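**Student:** For reference, the chains in residue letters:
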Amino acid sequence: MSESVSSLMAPPSTWEEFTEGLWKRNPVFVMVLGMCPTLAVTVTAMNSLSMGIATTFVLAASCFLVSLMRKMIPKEVRIATYIVIIATFVTVTDYAIQAISLDLYEALGAYIQLIVANCLVLGRAEAHAARTPPVEATMNAIGMGLGFTLSLVMIGGVREILGAGAFFGIPLFGEHFQPWVVMVLPPGGFFVMAGWLLLFSILRRRSQMKADAASVEAADALKTSGACHGA
Amino acid sequence: MSAPDTTSQPQETDALAHATPTFTLLRALSVVSAVCGLIIVASYLLTLDRAKDNRRLASERAVVKVLPNAKIVKPFLALANGDIVPAGEGDPPSGAIRFYAAYDEKGRLDGIAAEGAAKGYADIVRVMFGYRKDCQCIVGIGVVSMRETPGIGDKILTDKDFLANFNALDVRLNDELTALANEVKVVKHGTKTEKWQIDAISGTTITSRAVGKGINEAAQVLLPRLVPKLDRLEKP
Amino acid sequence: MSVEIRSAPHIKADSGVVKIMRNVVWSLLPICAFYIWQYGISALASLVVVTAACLAAEEFFLRLGRQSGDLGDWSATITGILLALTLPAGFPLWMGAVAGFVAIGLGKAIFGGIGHNLFNPALVGRGFVQAAFPTAIATYTPSFMPGRFSEFIPSSLALPFMTPADTTAWAASHLDGVSSATPLARWKFEGVLASNWDLLTSLSGHLAVGPSPLLILACGAYLAWRGYLDWRIPAAVLGSAALLAAALYPLNPQHFPEPGFVLFSGGLMLGAVYMATDMVTSPVTPRGMWVYGALIGALTVIIRYSGGLPEGVMYAILIGNAATPMIERVTQPPAFGTAPTKETKA
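These protein sequence lines are chains S, E and R, in that order.
According to this note's numbering, the first sequence holds residues 1 to 231 in order.
According to this note's numbering, the second sequence holds residues 1001 to 1236 in order.
According to this note's numbering, the third sequence holds residues 2001 to 2346 in order.
In short, the hints are calculated from the structure, not lab data.
Predicted model only: the values in this text are computed from it and were never measured.
Cβ coordinates follow ideal geometry from the N, Cα and C atoms, glycine included.
Please note that a few of the clues may not be correct.
[What the hints assert, rightly or not] Pair ranges (Cβ atoms, derived):
hint, chain 1, residue 1, chain 2, residue 2, range
1, S, Trp23, E, Asp1154, 36 to 46 Å
2, S, Trp15, E, Pro1092, 46 to 56 Å
3, E, Leu1038, S, Glu16, 26 to 36 Å
[Unchecked claim] Listed next, the in silico BS3-like pairs over lysine-lysine satisfying Cα-Cα at most 27 Å (straight line):
hint, chain 1, residue 1, chain 2, residue 2
4, E, Lys1188, R, Lys2019
5, E, Lys1119, E, Lys1192
6, E, Lys1119, R, Lys2188
7, E, Lys1213, R, Lys2019
8, E, Lys1074, E, Lys1133
9, E, Lys1229, E, Lys1133
10, E, Lys1052, E, Lys1074
11, E, Lys1160, R, Lys2188
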């Protein structure tokens, strides 16, 4: 069925698949998916980046495997198989982070295991990878993952700059910096997240209004030209 | 769903008539499980050594922080029946307390490091403390993990007056060697009079108390088991 | 001759948002003057900077969101003055500007501008800086310092994003034997009570307090007399706080202060008269006002007695604001001419 639908529209190119998640359908700021790690681990830019990379890896690997097996998986048991696949890669990530850095592992805490419950991952597996060939599915997943990482670093960067006076651990203000304690506490996550969402919705509304105005102009132009033609 | 009505009708009946056979379901699930199982086991084996090394290094680092002369660190368990055994793999038996024996470069026992934990303001505060038998006192502390309010709770890491409490915090045992002679106690800022008291940081009382309570509880249990058998640990 | 034919109402009260707000600002002027007399140029700078930040934020968000309202309605000015009065006089000016911006942005603009906000904007701003800068907001200095009209409190002039200078040593070098802690903090942490008369007038003893509660009460009485604020809310707040304090006092006179101390210390008077009575965030039904005020008064006492911080008025009023829609629902009077039935009661 997916074949018949996609044959009606031109299938998106691999590059379009990749950039979709970066900006146009950014998982955090546009689709508002995966809020749990977004709010919980973005205390510093480094934590955000690590969390983003871990999620990107799980997302890309799961989507690749789901897409590869999509013709073999009967729809009756698809959720079970997707979750098994996702849980596998979360476990792999968990092991890998323990081997890379124990400090990072402690900083991210239970949120590594909780990637398995990140609705972004299951959502993309179900909505995209299950009906797309492996290369496109993986590219789209990497794009989505990088978009997720970008948003997390944007939130974590602001929280670290205001909460600790540093960016990726590099002090920016010298030793007399006054930390904004609220930024490293949970409310800080909500404030910064809300601030970015506000900015994005304002920008989106502006561009929407511009597009509307342009289309109205175009329609007017068409009308006048049509009228001229008629005359 | 977006397909025209005329085609969707036969498709549905088609799906009902040809429900996926049980064998296909089982085959799909087994293949997926087998593939996933392989991936998990492979990555486990690949990362096992590194992860173990990291864990050992992390606890050694924590021990060196409280006993700076330590060159070799060995983990032990003080069992509930009073035995001291080297700590092995897996979960320790119930009632056992983990501690580290630290040896200096000449292989002599420098001191003992152990962990204490107590509820702070936000969450459990876990501290590592170093113990030396010649003074029967605690000679340094380091925080293993905490989630206290930054700027307030984390003064226990930086406040010089507070850290000075642990230059020689008296934890000698009573004559029967059953408990500490004097309970380690956190007192209001500026009212420390005895060697076994901890002068709290003003404004950070709850976290200060958690540090004292964690040390007291761990020392009360560990030291009576450990001190009589300390000679056995002399050589690494 | 022209005859204008209109439906009722025919008699219009000479009142409106702008007039009410202007009167509130006038009533605040004596309080500000007293505050400047207490703390000198630091207090003046704090009032000016915080109010300017509020006005700038109002202008910014009005342009950004195309909301209704304008700077001329005085509401942002009131927010700024009240916010400055709740902060320590030596609060770093840059933090004051942050508080003012957050007060208008997060407390008002996000909800859609004047008349739409759920919480008192000044208290939202104060709540934010309380969470962001817990040390600075608890750092008070004694009032009536010598040289206060020629010298700033050193913490005021902290550079943006930098830690303010230590004021305890500064205060000690200017005046011997005075405490930089507020009377509430001294009660909570040291068990020392200030005299009620000193607290009420704020005139003697170099207390680290805001403007005199007596003056606030007088200015509030003027507003109530002119009909610009409803006397029920301050009465309910102060009454319930006093009643609860009086009930608890005999249980443990060592630990609990007497009711007078509870009424005259901290920000209770300013909160009861000027913050809790904010028309947008308090109930409109008379019974609701009593419930709302009583809730705030009781919460203040409970938070002060059992919380980690010495002061609780801000949180009490914010909780009261949050409860306002619910209170209005359950205290809705029956429509005129109808008998209260089970349904309308519910």
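**Student:** Look at each hint and say if it fits the structure.
**Tutor:** Now for the hints, and whether the structure bears them out:
no.: 1; hint: S/Trp23 / E/Asp1154: 36 to 46 Å; in the structure: 38 Å, holds
no.: 2; hint: S/Trp15 / E/Pro1092: 46 to 56 Å; in the structure: 55 Å, holds
no.: 3; hint: E/Leu1038 / S/Glu16: 26 to 36 Å; in the structure: 34 Å, holds
no.: 4; hint: E/Lys1188 / R/Lys2019; in the structure: 54 Å, violated
no.: 5; hint: E/Lys1119 / E/Lys1192; in the structure: 23 Å, holds
no.: 6; hint: E/Lys1119 / R/Lys2188; in the structure: 23 Å, holds
no.: 7; hint: E/Lys1213 / R/Lys2019; in the structure: 60 Å, violated
no.: 8; hint: E/Lys1074 / E/Lys1133; in the structure: 17 Å, holds
no.: 9; hint: E/Lys1229 / E/Lys1133; in the structure: 12 Å, holds
no.: 10; hint: E/Lys1052 / E/Lys1074; in the structure: 14 Å, holds
no.: 11; hint: E/Lys1160 / R/Lys2188; in the structure: 26 Å, holds
Checked against the numbered hints given earlier, the structure breaks hints 4, 7 and satisfies all the rest.
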